[in-house]
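Student: Spelled out, the chains give:
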Amino acid sequence: MEEDFAFVRIMRDVDDVLRREVITPRALQIAVRDARQTFPPSQSNRLSAHLLIFTGTVVFGDDERDELNEVEEAEGILGNLANRTAAVRLRDPNGHHGPDRVTGSASFVAEASINNTNFDRYGIRVECAAVRANSDDAYLLSNVGANLEGELARMVYQANILETLGQ
Amino acid sequence: MADFENTYDVTNDRDVAFPRTLEIGITGGQQVFPPPTPSALTANNLLIFTGTLLVNLHGDSGNASRVLRGIVKLRLNRSLSKNETFLGSATVAALGSIHTDEEEVTFAVDDVETIVADDHELWLVAHMAIQGEAASLSRMAYQANVLVHDSRPELDSILVRPAGSGAAFSSSALVRSGDAWEYQINLSGPAPDGGMLILLSSDKPAEVPIAAATEVPRGTVSAVFSADRTSGSPTTAVITARDASPGRSTSRSATVNLFVLG
Chain A
1 MEEDFAFVRI MRDVDDVLRR EVITPRALQI AVRDARQTFP PSQSNRLSAH
51 LLIFTGTVVF GDDERDELNE VEEAEGILGN LANRTAAVRL RDPNGHHGPD
101 RVTGSASFVA EASINNTNFD RYGIRVECAA VRANSDDAYL LSNVGANLEG
151 ELARMVYQAN ILETLGQ
Chain B
1001 MADFENTYDV TNDRDVAFPR TLEIGITGGQ QVFPPPTPSA LTANNLLIFT
1051 GTLLVNLHGD SGNASRVLRG IVKLRLNRSL SKNETFLGSA TVAALGSIHT
1101 DEEEVTFAVD DVETIVADDH ELWLVAHMAI QGEAASLSRM AYQANVLVHD
1151 SRPELDSILV RPAGSGAAFS SSALVRSGDA WEYQINLSGP APDGGMLILL
1201 SSDKPAEVPI AAATEVPRGT VSAVFSADRT SGSPTTAVIT ARDASPGRST
1251 SRSATVNLFV LG
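Just so you know, the protein sequences line up as chains A and B, in that order.
Start counting the first sequence at 1; every next residue gets the next number (the working numbering).
Start counting the second sequence at 1001; every next residue gets the next number (the working numbering).
One chain only, chain A, in its complex shape (with noise of 0.2 Å):
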């Protein structure tokens, strides 16, 4: 089943100015050989020059944080308005090559904190997960989710993708 990720976006940057968004973000780039996405098939046929591995852990609703557009978010994650599209921006280090550069991905999120205040059923998802690249960077997207007094506080990722190097 391919998601469209359609859902209202929570945009969340690996390098916001206050460190904040992100927890320990990391990025490895690694030279490779012969690499190449096999399931399922890459439309691709571009050669591999790097294996990139972004990891970190997504901050949702610091309580910390007092702007509007936060408490916005924060609202949306809690209630019952359930369903939101969380988009990584992973600060590629070979973004300026274009979307193009991409040849294949394989990526996971998972809960990394959750919490329920006063309610005895509460959902907390966390449903998928792909990178998408556009002109300027890659992105991590997930659908995430919380209703009732659920909170998804945190989210861990890893997303593994293979570029090649220019154009």
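It should be emphasised that the hints constitute simulated quantities derived from the structure, not laboratory data.
Heads up, some of the hints might be wrong.
Said to hold, decoys possible - Here chain B is said to cover these stretches of chain A; the calculated rule only asks that three of the stretch's residues, wherever they fall, bring their Cβ under 8 Å from a Cβ of chain B:
(1) 24–31
(2) 36–47
(3) 103–116
As the list claims (entries may be wrong) - Distance condition first, Cα-Cα at most 25 Å in a straight line; then the derived SDA-like pairs of lysine to any residue:
(4) 1082/B / 1170/B
(5) 1073/B / 1004/B
(6) 1073/B / 1054/B
(7) 1204/B / 1156/B
(8) 1073/B / 35/A
(9) 1204/B / 1170/B
(10) 1073/B / 1118/B
(11) 1073/B / 110/A
(12) 1073/B / 95/A
(13) 1073/B / 19/A
(14) 1073/B / 1153/B
(15) 1082/B / 1248/B
(16) 1073/B / 20/A
(17) 1073/B / 1046/B
(18) 1073/B / 1040/B
Said to hold, decoys possible - Computed footprint of chain A on chain B, listed as stretches where at least three residues anywhere in the stretch have a Cβ under 8 Å from a Cβ of chain A:
(19) 1084–1092
(20) 1139–1145
(21) 1230–1237
No residue lacks a Cβ here, since even glycine has one placed at the ideal position from N, Cα and C.
On the provided structure of chain A, position chain B as indicated by the hints.
Tutor: Frame of chain A, contents of chain B only:
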């Protein structure tokens, strides 16, 4: 002050379920975010550690609203030798197994990182939290990806020749049954302090025997060794040399063709 500081070890099967370590030789690697400290080194080894930590954290049984926060440390059972340099890491840890029958609960892996301790051991360190009188967080899944530069030389080749012939060493040699032969181990650079241990084997040990291991002395790039005398019928033996250094699996082969004078 942390409410708890727990230490675990991947070698203890009560601490980690299905721990695995992969050591992968790579042609180059670096940590690119956050931007690394400028270094002339590039990684030639990628270490991948996975497993499920049986963390077994419990909430405060006498205070439902108290959030316990602490540190969990997992020894990954991989120390870096003095020839190895830690160049970066990327680590994930997630909630694996949780349980509660309460309304007000918290389960958290707030932050995780892989570090090199003062004793050169690799450790996964996570900041975790739990709330709820009956809350339990029993398992945490992890993957640690670590880049290392290993300055030890590679095993370049094993070459052979009949003993005392003065012939050039080659990837194959013709040796008369009953005669001795010699082999040359070549490295990509000088062997480190303590020498470099090379494991040896023959697929025809009865006819073409060889010692189980040899050591290239410190500072030496190439060394010649004598093998035992051959015996028996004509055959072709494949002689294999393998780097016995931790984290290495490079092997090289040569052949000894045994013949009998008619």
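Student: Give a verdict on every hint.
Tutor: Each hint tested on the structure:
1. 24–31: That given contact holds, which follows from 8 residues of the region 24–31 of chain A lying within Cβ reach (below 8 Å) of chain B.
2. 36–47: violated (count 0)
3. 103–116: holds (count 7)
4. 1082/B / 1170/B: Violated - the C-alpha atoms of residue 1170/B and residue 1082/B are around 34 Å apart, more than 25 Å.
5. 1073/B / 1004/B: This hinted pair holds, its Cα atoms lying about 11 Å apart.
6. 1073/B / 1054/B: Cα-Cα ~12 Å, so holds.
7. 1204/B / 1156/B: 23 Å, holds
8. 1073/B / 35/A: 34 Å, violated
9. 1204/B / 1170/B: This hinted pair holds, its Cα atoms lying about 19 Å apart.
10. 1073/B / 1118/B: 14 Å, holds
11. 1073/B / 110/A: 20 Å, holds
12. 1073/B / 95/A: Violated - the C-alpha atoms of residue 95/A and residue 1073/B are around 35 Å apart, more than 25 Å.
13. 1073/B / 19/A: The hint holds at about 24 Å.
14. 1073/B / 1153/B: 33 Å, violated
15. 1082/B / 1248/B: 15 Å, holds
16. 1073/B / 20/A: 23 Å, holds
17. 1073/B / 1046/B: Roughly 21 Å separates the two Cα atoms, so the pair holds.
18. 1073/B / 1040/B: 31 Å, violated
19. 1084–1092: Satisfied; 5 residues make the cut.
20. 1139–1145: Three-residue rule met by the region 1139–1145 of chain B, so holds; n is 3.
21. 1230–1237: violated (count 0)
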